[in-house]
Every structure is written in C-alpha cells, then in structure tokens.
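**Student:** Here are the chains, one letter per residue:
4 protein chains.
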Amino acid sequence: MNSFGRIFRISIFGESHGPGVGIVVDGCPAGIPLCVDDFMPDIARRKAGAKGTTPRQEADLPILQSGVFQAHTTGSPIMIWFENQNTRSADYEKQRDVPRPGHADFVARIKYGGYEDYRGGGHFSGRLTLPLVAAGVIAKKILQQGTPPVDVQARILEIGGEVDPEKGLEKAIAAKDSIGGIVECVATGLPIGLGEPFFDSVESLLAHAVFSIPAIKGIEFGAGFRAARMFGSEHNDAILDASGKTATNHAGGVVGGLTNGNPLVFRVVVKPTSSTPMTQHTLNLRSGQVEPFSVKGRHDLCIALRVPVVLEAVTAIVLADLMLIAQQRPMCLPHE
Amino acid sequence: MNSFGRIFRISIFGESHGPGVGIVVDGCPAGIPLCVDDFMPDIARRKAGAKGTTPRQEADLPILQSGVFQAHTTGSPIMIWFENQNTRSADYEKQRDVPRPGHADFVARIKYGGYEDYRGGGHFSGRLTLPLVAAGVIAKKILQQGTPPVDVQARILEIGGEVDPEKGLEKAIAAKDSIGGIVECVATGLPIGLGEPFFDSVESLLAHAVFSIPAIKGIEFGAGFRAARMFGSEHNDAILDASGKTATNHAGGVVGGLTNGNPLVFRVVVKPTSSTPMTQHTLNLRSGQVEPFSVKGRHDLCIALRVPVVLEAVTAIVLADLMLIAQQRPMCLPHE
Amino acid sequence: MNSFGRIFRISIFGESHGPGVGIVVDGCPAGIPLCVDDFMPDIARRKAGAKGTTPRQEADLPILQSGVFQAHTTGSPIMIWFENQNTRSADYEKQRDVPRPGHADFVARIKYGGYEDYRGGGHFSGRLTLPLVAAGVIAKKILQQGTPPVDVQARILEIGGEVDPEKGLEKAIAAKDSIGGIVECVATGLPIGLGEPFFDSVESLLAHAVFSIPAIKGIEFGAGFRAARMFGSEHNDAILDASGKTATNHAGGVVGGLTNGNPLVFRVVVKPTSSTPMTQHTLNLRSGQVEPFSVKGRHDLCIALRVPVVLEAVTAIVLADLMLIAQQRPMCLPHE
Amino acid sequence: MNSFGRIFRISIFGESHGPGVGIVVDGCPAGIPLCVDDFMPDIARRKAGAKGTTPRQEADLPILQSGVFQAHTTGSPIMIWFENQNTRSADYEKQRDVPRPGHADFVARIKYGGYEDYRGGGHFSGRLTLPLVAAGVIAKKILQQGTPPVDVQARILEIGGEVDPEKGLEKAIAAKDSIGGIVECVATGLPIGLGEPFFDSVESLLAHAVFSIPAIKGIEFGAGFRAARMFGSEHNDAILDASGKTATNHAGGVVGGLTNGNPLVFRVVVKPTSSTPMTQHTLNLRSGQVEPFSVKGRHDLCIALRVPVVLEAVTAIVLADLMLIAQQRPMCLPHE
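Chains as they are written, first to last, in full-length UniProt numbering: chain L, 1 to 336; chain V, 1 to 336; chain P, 1 to 336; chain S, 1 to 336.
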C-alpha cells in the first residue's frame, strides 16, 4: 500500500504528469506551529536546477488543504498538495511501447494490465519524493520538541567513487552517462530504547522506509558490510557509562533492534539514474525486437545529489513515529 | 510489534530460558498438507552442533497446537510451539549487572525498566529464529504451489573475508574470537509485478523482515553497493523478451519496487557473534566502573553459519504474502 | 486513525469550513472505468435541499486528482477532492466558548487542547460523509463486477416512529425540533464465506465502518434485538439447499461471522440532529455557567434522511474489501 | 484476521476439540504484576456448570508461556495457553454431513473447502472466548492503573424478555428450547477524548470487538434504538460543568466518536444458542434432502448467561488500547 507508520502515518498519491502529487499525514499531534514557509528550505534542497539535475522546473509550492488552522496543526489529518505545472507529457506518449531500461515501465505495464499512467513514470516517479519531504518537515518538528531535540542530517559520502561530489559528477559528464553514489544519514539526540525486537526493530522500520525511495539498492548500519570481516572483539562497542555511551559505534546506534543512546548512523547506495544520455538497448513491445534506445524527457544525471533531504525525511518520519509510540509505556516503573 | 505480514501474517513470542518459543501463522490457505516431518529438514539446518556453533543442544521438536487437522492446514491460525529444555539460566543470573557488549542487555533494561527476562537475552535471543524457520517451512509450501514453483535458496558467500567458510572459521578459532560473514539469498520462479511502488516495495518488505533477524546489519539488492561506482549504461539491465528477461541482473530482480521476472538476488552482512571468547570491557551497573568481562553461557563462534535457513524463511514469508496478495487483482484486463 | 480497509483502503481528510474535504482510495484494481459523471447520482442522493435538510448548498463536484488515467483506474491511489465553497464561518466564531450539546465541540476542545478547527464541527462534520459516498461509488463498481453482481441498497424504515418519512418529518416541523430515524441496508449477490471468524467477522467490519458515520448509535443484524426474546428453534434459519438458501433470514445473512449466501440485512438507528431549533442549555466555558443556547448555522432537521446513501457507501467499501481479499484463497481445493 | 488492537494487540488461535486454545497479547507494558491466580475469578465467571450452561467441564487453567518473568509482565508478548481436556469428538464425526442450523458448519465447509476442523465448531467455537477473557484480565489491570481507575462491569438485562434471568431460563427449560438475552456493559472513570473521529471512534472499535463474540447480533450505545423516536431536544445531553458531566446520558458516554467523561454505556443482544434441544430441519449434504435433526454434543441453553465476563473482556481490551494510545499526544499544550 501507499501508507506507512503506526501512530504518525503517511499516505502518498499522485503522478508525475497528472494534476499533482500529495500526502496525507495522520496522527500528528495538535498544537505544532506550521505554515507554508516551514516547508520551503527542505523543498529547495530537493529541487532540481543545480548541475547534474533535471532541467524540469516546478514551483513545488505546498498547499495545506486540511489539518492546519490558525497556523497550528489541529490533530486531524494534514493533506498537503503540490500541483504539477511544468509537464511535457508528449515526450512520453511516443515511447509507450519501448520500456525504458532500469525504469518501472515494463513491470508496471504487466502489473496494471496497461492501465497505468505511463507518462514520466506515473506514480512510480521520483516526483513522489516531494510530498515525502513535506511530511519529513512535520516529522522534524516533532523530533525537535524532544528533550534533547533529535537532529537528523544526511550528506553525500561519494559520487562515482569520488569523495568530492563535483569530481564524481565531472566523471559522469565526461562519460556522457549517469552515475551512482552513497549517502550517509546520522540522527543524534535519540533516547535509549526506541524500536522493538524483531519486526519493529529500528533497522527494520528505517530500511522499510528507505527502500521506498526510488533508486536506493542497499542500506547498512554502523560498520555495515565491513562487519563481515571483523572479529567480535573489534565490532562490539564497549559501554562506558550509564547513559549508554560507547567507545566506538560499529552498531550504528542500534542494538537488539533498539536505539542505544549513541548516534544512529546508516548509509545507502543510490543507483545511477536509469535515464542516461547514452544509447541503450531495450525491447520494443510492438515489434518484439530489441532495439537501440535513447532517453526522451528531462532527467537528473546523478539522482544521489537530491537524495539527502529525502533520506532525512523518511528517517524523521520513522523516528517521529517511534518517539510518539515510546510515550505510551508508562507502567514500566524502574525495578530493582 | 511482534507481528509481520498483511495476508500471511506471523506473530512470534517466547524467551530463551522461559518455557519455550513459538509462532502464530494467520492467513494460511486451507488444504496445504502439513505435518511435523515437514519441518525437520529446515530445523536441522538451523541447528547447532557443527564446528563454530553453540554446544547448547535442543530437541527443537515443533508441536502443532492449532490450525492443522487431518494433516492439512484448516485456514485457521496455526500455532507452533517449541519447548525449551536445555536451559542453564544460572549462567545469566550472575551477570545481571554487567551488560554484555553488543547484546541488548543494556537497552532492554532501560526500555523495560528492569522487568525484562534477562536470561540468555530473553525475548531478544536468536532462539526466536527457530519459530521463524518453522513459519518459513509453511511459506515455502505456498511458494511451491505457484506455476512455476517459487524456489528460495540462501548460502554463505564469505566468512571473515574467506570464500571458503571453513577457512574463515579457522581464522576465528585461531584468534579465539568470533567472526562475521555475508549470506546471499536467491529466489527464482517469481511472477512479474509482485510488490507495490513505495512502502510495499519488494525491497522494503524484504529488508523489513530481514532486519528482524538478530545480527544482520546491512542488505543490498543486485549490484548493491557496487552501484555507487557504476554508470547508468552499465547498471541498467536490458530487457530481452516479453517475459521480462534481462541481459544482466544488476537490479537483483526488482525494478520500481516490483519483481521483474528475473531471479531476486540480495545479500546480507552478519556481524560477528557478540559473545566472543575474548576478554572485553563493559560497564558494571552496580559499581559504575568499566571492568573486564568474559562471556558466560554457550554461544556460536560465527552466527552467520546458521543464518542461511533463517534468511530463506523470512524471504519465503514475505514472498508468500505477496503471492497471496497478488491473486486479488482481477479487474485488470489487458489494455491495448 | 482516519483510514480503513485491508486491501481496498480509504483515508479521509478535511474540515467543514476549511479549503475542502477529500479521500484517498488505495488498493483499487486497475482497469475500472471511472469518470466524474459516475459520482453524481450518489452525490445527488446525499445532497441537501429537500424538506428537512440544511439550506447550505454546495456544488459537491468531485475532482479526481490521481489514480485515474484515460477514464480508467490505474491501480495507483485515487485521490478525490471536494472544494468547500458555501461556508459561513462567522456563525461559528461567536459560539467558540459555548459547546453545542450533542456535538463534539467540547470533547474536541479537550482532546486537541484548543487547537481544533471548531468551525462547523471541523473534521467531525457530517460533510466528511461526502468523500465516503465518493469512495462508495468506486466500491460499488467493484461489487458490480462480481458474478452475480453484488447490489447494496439502503432505505429509511421509519422517521420519528412513522413508517412514512414525511409524517415523521411533519412531527418534527410541528414540534420545532429535530428527529431521529432507522435505516435498513440490504446487500444481495454475496458469495458464501466472506469474512473471518472473530475480529474480521462481517458484522465486526460493517459495524466498525457504520459507526464512523456521525449520528449512528446502534446496529443490528437480521432479527437483531428481537432475538433476545426468541427461542433457538425460532431463530435458527433452516438450510434448504446446497446454495445455502435458508427458509428464514433471522441471521441477516451472516453466520459465524461469515456471509452465508442469503441477503445481508442490517438496520441502524440515527439519532436526532444535535442542532435542533429548540432552545437548549449548555455550559458557557468562559462564564462557567449553564446558559440557554440557540443553534447558529444551517442544519438538517432529520439527518437520517441523508443517511441511506452514506450507509450504502460504507457497506460497499467493506464488501469490496472482502471480495478482493476472498480472491486470494486458491490452495483450498475441495476436500472429500 | 485473528488479531485486534493497535498498541495493545491480541491474536487468538485454537479449536474446540484440538490440543487447546490460546492468545498472544503484544504491546502490554512491562512491570504489571501478573500470575495465574489473577485469571481465576474471571475464568470462573465464564465457566459452565450453572443451570442452563453446558455440562462440558474443563479445568480452564491458564498457562503463561511467555512474557511474564518473576510474576511481572516483561514488555514482550504474553502467550497464554489453555489445554483442551474434556473433548468428546466422536459426537461430531457422525454429523459431518449435516450442517447444524445457526452454526458455522455449512459456511466454514464452503470457505475452507472441507479442510476445516469441524469438531464442535472448531475455530468458530465459543471456547475461543476463554483466551479473550484471559486477555481481558490483563487489560483490566492496565485500566486499573489509570487515575482514576477505569472500571468495566457487564450484567444481564434480560433473558427471554424477563428481567429476572432465572425466569427467562425457566421459560426455556419449560419449552425445551434455547433462549436469547440482552447484556449491558458500563465503563466508568474514562478520561475525556479517547478514540478518534470516524474509523477509530470508540463506538467503531467497541462494536468491532464485540461482534467478534459469537452469538452477538446487535449493539446500541446510550439511548440506542430508542433515539429513533426522540426529538433532538430530548436526546441531547446538556453539559453541566467543566468535567464534561451531562444531565442525562443518552449518548452513552460517546460524542463525535470520543469519550466525553460520562459513563460509557452500551447493550448487546445475544441470540438464543443455536444448539437447541428441539428437533429442527436442515440439509443433509450427502443425501441432498432436508431432514429432521437433533443436536449432538453438550451445549448451553442460554449462552447469554456466560456473555457478561466476555463482554467486559473485549471492552477492557479496546479501552486499554485507547488508554495506551492516548498517552502519546504530548505536544498538545492548552491553547487560549
């Protein structure tokens, strides 16, 4: 389904070239100050326009259609709507029978029997990350009300193997190709004990949310894949004091599925944009032949560049839900 | 929560040193042949006993307490129960105030206010993977009824950096330490279009389930983290025919969150067993001092060795749920 | 939460005097013909304007914002939006401190700490039944595709104790008061076996959905409360043939929580509109005194008159979900 | 599914003539004192043995298989198991082809393709209310920790139209038939604002849970069906003071789907036991003929007699869940 969360619950909808995209945020507490301006910084961070991003320009102005009154949340569902304006659907009509490699065109056509909105990826489009960013802004507000406030920050670790994103991007430009990257996310200020063992482990919930971001193909916590070559005595984080602070953070802040009071640290890999300027080959469903193929439409060269704010958003959404859930365990008086 | 799945839904319970561990499987179709013998091969694969695994020996005999009648599933919830027999809880009483590094001892104590069953990790124990394996057996039976049958196989890729698990294990034995590893899982025979875009993407659901297995700290699909250094023209899998078959499988069988008809391929990293024979340091909660610490109890040297069958189980559980869900989209007549 | 359903899942949002009201319908199969005109007959049935209904007139034009392409459903979430146009919020500003008896004003103020949108009941308003009716139209389309088609019809049984609604309404007009009523809903064409024992019984799911309609205070199936005075030999419905047809229908078409192949029959009671023209008494929160109170705003004299189409809608929503779920039990081959 | 609840979540399993029946209670806070003796009073209230109840006698001893340690809840799932001992399954084998009128025999056979456990109703049996009562005991403990404590009490209002249950039962005995009844449930001490508008209204959740009890065919809150003949000025409950206390309680303590600080009051109708001593007629599936039929097995004459404690249990389960959810709305500072 297109919903996620237990207490703080989001539902997304919309298509790349339809009337717009939007989200319903249910379960948000009443009384949080909220206005359109609050959304603009994160929306700007997600926006295209920089080198390597799509030339499609959208106003991306959030319209608060419900759940906000007198500049505060009311406790009722918040619906945020973004109109699509700068669509050029004709680009897509032509390539209806030529599923783009790396895109959902082919699988969507099979799954929905040909009824899918195929223009620009339709509901599968990265444009759906815009309402996710908007919900993330609300989630961050909830996290900032913690004591201490919870802070979530994501940044690019490498593009095309280069620590300097500009260098990685130059590689792609030189090769006339798209390129992948790695993004890291860190959350600080989390209390001990968020999450549950097994199916609601912090890792389970975060991974679930993170893989809903198009183009993400892997996630690792703390030492991650390096742990495969570590000894237990290396990997274990020695507890230093009663706050749970550890000497190292190979666990990435999660033990037994629960936050342990140290920074939550994870990394994701973003595949190269499927729409590369290079000529490729794919099946023509009408002719039944594999044919050369060139991308139509306007696209990012490196989608990883726009991922950090989306990654922060889904992380904040998961953590806000866990923070709200955590407030309902009152009969747990300390035991000697 | 301790439940997972939408149609085929599991709920686990139990503790390492309590009366036993178990699982309820709800939403299983009626009419599937099922008896105790069906469970034994996978249970045997999970069992301890080989070099590098814990000397704790349990009978691990599944007791079918409900939902099975005349050797077939009835459509009602199936409860499977495993008694604990070979417990030596006294080992744990002594170390109550000394949270083991890498384990959930400390976070559980904070989260549950000291009321948690701390013996052998309690509800956080890897012993809870036993009922997961049992549910996996039922899920595999559902998958085998597909046309073609869906097959799920996991295998160890490396232990401590060695492709030969024996060599990796020897490293650990020589170092008197525990060691990590990487496990790969492949599912074949899947139809096109399982999963949903965004929150019910195949990657989201599998990652969610996989991170419920203790000790797993990362997951990657297809090319995974290597995608960060690939160009789009390299990573894209060219579609070759109307079955969706692609020339390469860098996507790991999932595009746009949906299965694409190619083998589903993903890898997970298993951290080294937290209980290493090496002396470590941790906080003594009573004295408030960081003190040297030696593991009590009986443990695996390399938990990765026992992961494959558990990974198959949670994968089969997710896929069985998706297969059952997929059967309810009938109004989707092909569209020209 | 503001969501309901397992496979066919709806999420409502909006306020009486905000920008509008809407609904997201997730899990609708692709390929169902759908356009604005399809919604108009049921929307017209719900509309005000007849004797005894509110003079507030709204265009109630559904805007299909997502999930529909080329006049068919796409399989992606369908968002339907209704703008509010004819709002007169000033009526409500004045009575902020005088919670209307029978309305949610007082409890909402406490629950949301004063941040609720109090204008015209805000999110608690009966106006939210408009998007429910819209979702009901889609659900009815799914039901009509069954073999045989499933038909859902609701009608007024009595108003103010009178079988002729006009007479009951005249009573209210004469008394210058609002009045209650009883509405019956019948669904035919249902297959045997929808629903589950216990928590997903057909009665549980229908009652859950029905009590989400404002003003409904009771529900009974088949013989309902009359069963309290019946003997078992009277109440039991004798099975007559292999289609499950019974001689009587005291069970209302549901046995053991499952549909039994006979018409589904239930009745609901609708309380008199809380906003009566009569002078009442309520607490003035500012003065702390109980004071006389007269209703401001525009209201229905008998809300039951507008309930049938809403009742059909929520019934169709529940049944469509159950029909879609029922299609996923394939391994259940007949057993001798 | 066989699960219910959002935070405090129960899952039932088992069959009337299988090994036993049980329940998993997930989401229960840690630190609640709990032992076997706590369950015995409510289990005794549900027990057979009095006049008009089945002669089948079971020990009904709860076995706490997980989630309890040192006589307190641990915060992990609590599994409670009841063995079946006094089963006489041979009674049922004989009537395999003769579906009992009023029972789920026929619909279950169709739904599960003949694979259902048909002995004594199998999973549809009223014996499943035993684990519900056990979960209710835990829920009541949570409610008792409120300030003020929340109290839930159910009682028989009438049997066969007689206010004195004994008289109603005598009617049935004289008629050699089974008989129905009405049970009322009242909860006091509830805070204002539990529940949500629409799908999580208190009425929706309670009705959902209540209709999971076999034999219940109707529910009404406060004035209930009498509201159909009331004027608004009669039905409205005038608010008297800032605690929300009202002059009357026609709403049954729920307004706008939320608790309003007054006692929660609702009534349910319990149909006459389907297994009546009277000879009835039903279809013989083998012969295809409608034939006379006499009940085998041991049964209650008036199941309503055993309903009150079950009704209390499901009510307490719903309210405990809502109390736990209510504790997570902290950003809702009072607004002037």
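It should be emphasised that the hints constitute simulated quantities derived from the structure, not laboratory data. Incorrect hints may have been included.
Any copy, or any two copies together, can satisfy a pair, since identical chains are not distinguished.
[Stated by the list, open to error] The calculated SDA-like cross-link candidates involving lysine to any residue, where the alpha carbons are at most 20 Å apart (straight line), are: (1) Lys171 to Ala242; (2) Lys167 to Arg6; (3) Lys296 to Met278; (4) Lys245 to Leu285; (5) Lys176 to Pro191; (6) Lys171 to Met40; (7) Lys47 to His281; (8) Lys245 to Pro19; (9) Lys296 to Val309; (10) Lys171 to His281; (11) Lys296 to Asp37; (12) Lys245 to Ala44; (13) Lys167 to Thr87; (14) Lys296 to Glu83; (15) Lys171 to Glu234; (16) Lys141 to Pro41; (17) Lys47 to Phe225; (18) Lys51 to Phe231; (19) Lys296 to Ser233.
Model, not experiment: these values are computed from the prediction.
**Student:** Each hint: holds or not?
**Tutor:** Comparing the hints with the structure gives:
| no. | hint | in the structure |
| --- | --- | --- |
| 1 | Lys171 to Ala242 | neither (48 Å within a copy, 35 Å between copies) |
| 2 | Lys167 to Arg6 | neither (41 Å within a copy, 45 Å between copies) |
| 3 | Lys296 to Met278 | within (11 Å within a copy, 59 Å between copies) |
| 4 | Lys245 to Leu285 | between (58 Å within a copy, 13 Å between copies) |
| 5 | Lys176 to Pro191 | neither (46 Å within a copy, 35 Å between copies) |
| 6 | Lys171 to Met40 | neither (31 Å within a copy, 54 Å between copies) |
| 7 | Lys47 to His281 | neither (30 Å within a copy, 48 Å between copies) |
| 8 | Lys245 to Pro19 | neither (49 Å within a copy, 34 Å between copies) |
| 9 | Lys296 to Val309 | neither (27 Å within a copy, 45 Å between copies) |
| 10 | Lys171 to His281 | neither (23 Å within a copy, 46 Å between copies) |
| 11 | Lys296 to Asp37 | neither (34 Å within a copy, 35 Å between copies) |
| 12 | Lys245 to Ala44 | neither (35 Å within a copy, 39 Å between copies) |
| 13 | Lys167 to Thr87 | neither (31 Å within a copy, 57 Å between copies) |
| 14 | Lys296 to Glu83 | neither (23 Å within a copy, 36 Å between copies) |
| 15 | Lys171 to Glu234 | between (36 Å within a copy, 14 Å between copies) |
| 16 | Lys141 to Pro41 | within (13 Å within a copy, 43 Å between copies) |
| 17 | Lys47 to Phe225 | neither (32 Å within a copy, 25 Å between copies) |
| 18 | Lys51 to Phe231 | between (43 Å within a copy, 17 Å between copies) |
| 19 | Lys296 to Ser233 | between (53 Å within a copy, 15 Å between copies) |
The structure does not agree with the numbered hints 1, 2, 5, 6, 7, 8, 9, 10, 11, 12, 13, 14, 17 stated previously, though it agrees with the rest.
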